[in-house]
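> If you read the sequences in order, they're chains A and B. Residues in the first sequence are numbered consecutively from 1, following my numbering. Residues in the second sequence are numbered consecutively from 1, following my numbering.
Hints were generated in silico from the structure; no laboratory data involved. Misleading hints may appear alongside valid ones.
Stated by the list, open to error - Estimated spans, in silico, between C-beta atoms of each pair:
hint : chain 1 : residue 1 : chain 2 : residue 2 : range
1    : B       : Glu122    : A       : Ser68     : 21 to 27 Å
2    : B       : Gly213    : A       : Lys97     : 51 to 57 Å
3    : B       : Pro144    : A       : Glu43     : 38 to 44 Å
4    : B       : Val24     : A       : Ala42     : 46 to 52 Å
5    : B       : Pro123    : A       : Asp188    : 28 to 34 Å
6    : A       : Thr148    : B       : Arg102    : 53 to 59 Å
7    : A       : Asp128    : B       : Gly127    : 27 to 33 Å
8    : A       : Arg61     : B       : Lys140    : 47 to 53 Å
9    : A       : Ser8      : B       : Thr137    : 53 to 59 Å
Note that the structure is a prediction, hence the values are computed from the model and not measured. Just so it is clear, CB atoms sit at the ideal spot from N, CA and C, and this is done for glycine as well.
2 protein chains.
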Amino acid sequence: MLIEDDTSLRESLRLALRRQGHEVEAVSTGEEGLRLLPTWPAELVVLDLMLPGMSGFEVCRRLRAEGSLPILMLTARGDDFDIVTGLEAGADDYVVKPVRPRVLDARIRAVLRRAEPSAGAEPETHGDLTLDRLTLTVAKAGVPLVLTPVELRLLFELSAAPARVFSRRQLLEAVWEEDYLGDSRLVDACVHRLRTKIEELPAKPVYVQTVRGFGYRFGPVPDMSP
Amino acid sequence: MLIEDDTSLRESLRLALRRQGHEVEAVSTGEEGLRLLPTWPAELVVLDLMLPGMSGFEVCRRLRAEGSLPILMLTARGDDFDIVTGLEAGADDYVVKPVRPRVLDARIRAVLRRAEPSAGAEPETHGDLTLDRLTLTVAKAGVPLVLTPVELRLLFELSAAPARVFSRRQLLEAVWEEDYLGDSRLVDACVHRLRTKIEELPAKPVYVQTVRGFGYRFGPVPDMSP
DNA sequence: CACAACTATTACAGTCCTATGACATTTCCG
DNA sequence: CGGAAATGTCATAGGACTGTAATAGTTGTG
Numbered sequence: 001m002l003i004e005d006d007t008s009l010r011e012s013l014r015l016a017l018r019r020q021g022h023e024v025e026a027v028s029t030g031e032e033g034l035r036l037l038p039t040w041p042a043e044l045v046v047l048d049l050m051l052p053g054m055s056g057f058e059v060c061r062r063l064r065a066e067g068s069l070p071i072l073m074l075t076a077r078g079d080d081f082d083i084v085t086g087l088e089a090g091a092d093d094y095v096v097k098p099v100r101p102r103v104l105d106a107r108i109r110a111v112l113r114r115a116e117p118s119a120g121a122e123p124e125t126h127g128d129l130t131l132d133r134l135t136l137t138v139a140k141a142g143v144p145l146v147l148t149p150v151e152l153r154l155l156f157e158l159s160a161a162p163a164r165v166f167s168r169r170q171l172l173e174a175v176w177e178e179d180y181l182g183d184s185r186l187v188d189a190c191v192h193r194l195r196t197k198i199e200e201l202p203a204k205p206v207y208v209q210t211v212r213g214f215g216y217r218f219g220p221v222p223d224m225s226p
Numbered sequence: 001m002l003i004e005d006d007t008s009l010r011e012s013l014r015l016a017l018r019r020q021g022h023e024v025e026a027v028s029t030g031e032e033g034l035r036l037l038p039t040w041p042a043e044l045v046v047l048d049l050m051l052p053g054m055s056g057f058e059v060c061r062r063l064r065a066e067g068s069l070p071i072l073m074l075t076a077r078g079d080d081f082d083i084v085t086g087l088e089a090g091a092d093d094y095v096v097k098p099v100r101p102r103v104l105d106a107r108i109r110a111v112l113r114r115a116e117p118s119a120g121a122e123p124e125t126h127g128d129l130t131l132d133r134l135t136l137t138v139a140k141a142g143v144p145l146v147l148t149p150v151e152l153r154l155l156f157e158l159s160a161a162p163a164r165v166f167s168r169r170q171l172l173e174a175v176w177e178e179d180y181l182g183d184s185r186l187v188d189a190c191v192h193r194l195r196t197k198i199e200e201l202p203a204k205p206v207y208v209q210t211v212r213g214f215g216y217r218f219g220p221v222p223d224m225s226p
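Working from the sequences, and respecting the hints, build out all of it.
Set out below in structure tokens:
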């Protein structure tokens, strides 16, 4: 996530970073960044120091208070005070303006490389299923299951949004190639194979349910009673 | 350890850092630094780029080849080329001259804070394998093994996060150059060579396992039972 | 109830993935 | 320089996985 108030700089950095293969969400104020971060799961924040309203320092402190999300600061000059204070506020690194995209990219990759080991999500549990996205393993009642790559991606995709209905086309785009052009019945076959592995009774599925006419969903129908 | 050829700068930095509570060994050439490091167990190297004889880049590469000792570069100008190349050569951070002792100290502490986890690691044991990151040695059932540099880095990278799955590209970036552009089948070949050395039955690997469609993993599937 | 629309199940063949060993090239030594 | 070790590239084979299609079963509708 890029937090930078200068619109032209923000856009040019966003494009440059996207060209380097990063997925970027760009906002112009610290408040907006803090508001979005819980729902937009960023791996790293590029943070300008001089911001209208809440300063970069303040954003940095608040982010630090919440977790270990890596922070890369943008600072106007090689001002000693900024640098020291920034690093002490918890920034992982900083880049001095004017920013060269190549430098920023190298710094981002360096920070991500260092921060990576701890960035692992914990295993999730759904009923007696345990999903570990970090080790790509699935266990049922503690017993590891052997899933094929497609089965794994399918299960992880569905379980990322429990109760949400995915159309066959959405699943094809997420699990297979973006521009897959074949029969969408393929999803049925793979869901079936997945069910034979994770369901007690594949005919009465508990985890991967059919939503007739629409697609599939992970988990139970949400309870909507007040 | 401080590697800096300019005597007056070297001495002033040495005194300043000692005043900040660091124990400093200062030398004037890369060759001398590399010679001393095995016996003087530094926690971090502050390395000037412009050195007589072996350049800072070269020193950096050699240190990286041997281990994960944190490296902080001193560079004459904020030259993009130096910065990018330095970070790609494996430096953890850099400081631009003229150096302010307070900045240098803040950077040193930041790098040490990040690098901490693996710093003074005891030998680890996984099954009948013993990995010593400090001495870069591997033994199987007490018998030392002779691994090549690539095999060693590959094994250490994988074993740094047991059970986690590494993609071929991740391994290429971690073990080879960041921007290596060749065939990712290279990883397969090197994993194979590594297996012939550390596995009882390379066809039924215990330590370095294949995760079809994704990459490789060190160690067994984690136990998920409560 | 009969029909249409949709989904489950099964089997099979082609495709994709990895292991493996041979070979070429580079690097590292003395 | 010469030779050895290490590394990178390639071809092949075997096996696992996936895509397809055909059939059976299920659900909803008039």
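> Is the distance from the Cβ of Arg61 of chain A to the Cβ of Lys140 of chain B consistent with 47 to 53 Å?
Given range 47 to 53 Å: holds, Cβ gap about 48 Å.
> Starting from the hint 21 to 27 Å, judge whether the C-beta atoms of Glu122 of chain B and Ser68 of chain A obey it.
Given range 21 to 27 Å: holds, Cβ gap about 25 Å.
> Is it true that the C-beta distance of Thr148 of chain A to Arg102 of chain B lies inside 53 to 59 Å, as the hint says?
For Arg102 of chain B against Thr148 of chain A, whose Cβ atoms are near 56 Å apart, the range 53 to 59 Å holds.
> Check the following: the C-beta atoms of Val24 of chain B and Ala42 of chain A are separated by a distance inside 46 to 52 Å.
Violated, at about 38 Å.
> Taking 38 to 44 Å as the hint, is the beta-carbon distance of Pro144 of chain B and Glu43 of chain A inside that range?
holds, 39 Å
> Between Asp128 of chain A and Gly127 of chain B, does the C-beta distance stay in 27 to 33 Å?
holds, 29 Å
> Indicate whether the distance between the beta carbons of Pro123 of chain B and Asp188 of chain A respects the range 28 to 34 Å.
violated, 52 Å
> May I ask you to test the hint 53 to 59 Å on the CB atoms belonging to Ser8 of chain A and Thr137 of chain B?
Given a distance of about 54 Å, which is inside 53 to 59 Å, the answer is holds.
> Gly213 of chain B and Lys97 of chain A, beta-carbon distance inside 51 to 57 Å?
violated, 43 Å
Comparing the model with each numbered hint stated earlier shows that hints 2, 4 and 5 do not hold.
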